[in-house]
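Build out the structure end to end from the sequences listed, making use of the hints.
Residue numbers (full-length UniProt numbering), protein chains in the order written: chain A, 1 to 212; chain B, 1 to 253.
Just so you know, not all the hints are guaranteed correct.
Distance condition first, Cα-Cα at most 25 Å in a straight line; then the derived SDA-like pairs of lysine to any residue [unchecked claim]:
1. A:18 <-> B:63
2. A:63 <-> B:40
3. A:18 <-> B:37
4. A:209 <-> A:101
5. A:18 <-> A:37
6. A:18 <-> B:94
7. A:18 <-> B:233
8. A:18 <-> B:114
9. A:18 <-> B:190
10. A:18 <-> B:90
11. A:209 <-> A:2
12. A:18 <-> B:115
13. A:18 <-> B:64
14. A:18 <-> B:40
15. A:18 <-> A:143
16. A:63 <-> B:118
17. A:209 <-> B:138
18. A:18 <-> B:138
19. A:18 <-> B:42
20. B:132 <-> B:152
21. A:63 <-> A:78
22. A:18 <-> B:194
23. B:138 <-> B:194
24. A:209 <-> A:78
25. A:63 <-> B:94
26. A:63 <-> B:194
27. B:138 <-> A:103
28. A:18 <-> B:152
29. A:209 <-> B:132
30. A:63 <-> A:101
31. A:63 <-> B:34
32. A:18 <-> A:33
33. A:18 <-> B:132
34. A:209 <-> A:1
35. A:18 <-> B:68
36. A:18 <-> B:34
37. A:63 <-> A:122
Because the hints were derived from the structure by calculation, they are not lab data.
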Amino acid sequence: MLTVLIDYAAGNLHSAEKAFQRMAREVDGGEVLVSDRAEDIARADRIVLPGDGAFPACMSELKGQAGLFEALIEAVEVRGRPFLGICVGMQLMARTGFEYETTEGLGWIDGEVVAIAPGDPSLKVPHMGWNDLVIDSPHPVLEGIATGDHAYFVHSYQMQVADPSQLLAHCDYGGLVTAIVGTDTMVGTQFHPEKSQSAGLRLIANWLKWAP
Amino acid sequence: MLKTRIIPCLDVADGRVVKGVNFVDLIDAGDPVEAAIAYNEAGADELCFLDIHATHENRGTMYDLATRTAEQCFMPLTIGGGVRTVDDVRNLLLAGADKVSFNSAAVADPDVVARAADRFGSQCIVVAIDAKTVAPGKWEIFTHGGRRETGIDAVEFARIVVEKGAGEILLTSMDRDGTRAGFNLPLTRAISDAVPVPVIASGGVGTLDHLVEGVTEGHASAVLAASIFHFGEYTIGEAKAHMAAAGIPVRLS
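Laid out in structure tokens, this is it:
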């Protein structure tokens with residue numbers, strides 16, 4: 001079993017790598033590799049797309065490395081390899097991003113990425129810190145995670161999901177903020193599971209065990 | 001609902017935790033990684049390492065410490081002290097930091113904040129502002145551990161660095177740091193109200209009520225403290241319970 005964390009020059013992969021390695025050891029989840037090589041993605045059993053940064057820049061980095069984007073599409077869309085997007089990696093799953101400019105996303109979730117605009121003007125942006133999750137739809141990766149559990153968020157844009165069946169969890173920040181999206185083979189978390197202590201590590205373990 | 005963060009800060013020099021009184025007297029208080037693990041387990045919301053020798057001794061920052069901490073603590077880690085360039089930010093992020101804090105370098109050249117934010121995103125760029133009261137309702141920036149005055153207005157500077165792309169402000173009152181007399185609340189409120197990004201209040205915490213005031217009167221999004229936690233006076237849990245009792249939303253689980 002090989003899990004590949006895609007390195008596309010978008011932020012800190014060290015802590016994500018360490019969290020996945022630790023949980024892979026706990027659940028007998030195999031090898032965890034950070035790579036930017038298309039051939040590693042092609043042989044991966046599971047794929048994680050992490051990421052910090054702006055939507056257009058990340059999309060362009062993803063498309064800018066030889067064969068990487070094509071390998072990702074092939075693995076996830078054609079071969080149905082379990083996928084996890086984190087933070088911007090989750091946002092890239094949307095149809096369209098509106099950060100700075102209009103950018104086409106991967107189109108895996110029927111949603112758009114727009115600026116967070118809290119109803120309460122005293123709320124700060126970025127939405128930074130621990131917020132409690134509200135679970136909207138059951139999903140295997142949410143086993144043992146309940147409404148009220150906290151996760152660590154840091155973002156200024158968020159995904160608005162058009163298809164309610166793809167919204168797995170949200171939190172409240174002057175309005176609904178999408179926290180987890182998912183389909184039959186893909187999951188995305190707006191928060192950082194690798195920074196969310198026990199609930200985050202649990203989600204990572206669940207995802208590593210998930211066999212859709 | 002977003003919770004108010006409690007952030008223990010580990011002042012680090014020569015690989016060891018210290019806590020200076022007004023950045024002068026240093027007391028060795030242990031191994032930073034061990035302390036980080038303990039705070040992780042105690043329910044701290046984030047951790048902050050400040051390399052307090054880096055600026056004056058022109059040393060590089062602590063990649064090894066970041067790496068070892070990130071291997072064991074699955075919580076957000078901010079590192080500051082001696083961060084000068086976009087490459088410094090990159091090296092710290094790669095080592096395991098989640099956020100990197102500029103201080104003196106942002107005063108010398110605010111555009112370094114823009115360059116770093118453009119490259120890595122605002123979410124990981126913190127600007128640490130050390131300010132002293134110079135007249136009632138007026139605060140100025142001091143650098144180099146509070147020893148060098150700049151004549152720059154602190155509120156105006158906060159606005160500038162946020163425009164450049166800082167995603168968070170770590171505000172330390174140099175009048176209060178090490179005094180245990182509580183945050184400088186007018187300063188904290190002036191800056192919190194002036195910028196759209198979160199402000200972390202720092203400098204002067206001596207009691208749990210001070211943490212509460214930083215939020216209710218200072219309008220801070222997070223509170224940072226060192227010595228009240230480092231020497232076991234209060235636990236993170238006690239601090240959170242006290243804040244919750246005062247009506248401040250905190251993460252208890």
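Hints versus structure:
no. : hint            : result
1   : A:18 <-> B:63   : 16 Å, holds
2   : A:63 <-> B:40   : 37 Å, violated
3   : A:18 <-> B:37   : 15 Å, holds
4   : A:209 <-> A:101 : 37 Å, violated
5   : A:18 <-> A:37   : 20 Å, holds
6   : A:18 <-> B:94   : 12 Å, holds
7   : A:18 <-> B:233  : 32 Å, violated
8   : A:18 <-> B:114  : 29 Å, violated
9   : A:18 <-> B:190  : 40 Å, violated
10  : A:18 <-> B:90   : 18 Å, holds
11  : A:209 <-> A:2   : 12 Å, holds
12  : A:18 <-> B:115  : 28 Å, violated
13  : A:18 <-> B:64   : 15 Å, holds
14  : A:18 <-> B:40   : 15 Å, holds
15  : A:18 <-> A:143  : 22 Å, holds
16  : A:63 <-> B:118  : 19 Å, holds
17  : A:209 <-> B:138 : 57 Å, violated
18  : A:18 <-> B:138  : 45 Å, violated
19  : A:18 <-> B:42   : 21 Å, holds
20  : B:132 <-> B:152 : 11 Å, holds
21  : A:63 <-> A:78   : 18 Å, holds
22  : A:18 <-> B:194  : 38 Å, violated
23  : B:138 <-> B:194 : 14 Å, holds
24  : A:209 <-> A:78  : 21 Å, holds
25  : A:63 <-> B:94   : 22 Å, holds
26  : A:63 <-> B:194  : 39 Å, violated
27  : B:138 <-> A:103 : 44 Å, violated
28  : A:18 <-> B:152  : 42 Å, violated
29  : A:209 <-> B:132 : 53 Å, violated
30  : A:63 <-> A:101  : 17 Å, holds
31  : A:63 <-> B:34   : 41 Å, violated
32  : A:18 <-> A:33   : 10 Å, holds
33  : A:18 <-> B:132  : 40 Å, violated
34  : A:209 <-> A:1   : 11 Å, holds
35  : A:18 <-> B:68   : 10 Å, holds
36  : A:18 <-> B:34   : 18 Å, holds
37  : A:63 <-> A:122  : 38 Å, violated
Hint violations for this structure: numbers 2, 4, 7, 8, 9, 12, 17, 18, 22, 26, 27, 28, 29, 31, 33 and 37, all remaining hints satisfied.
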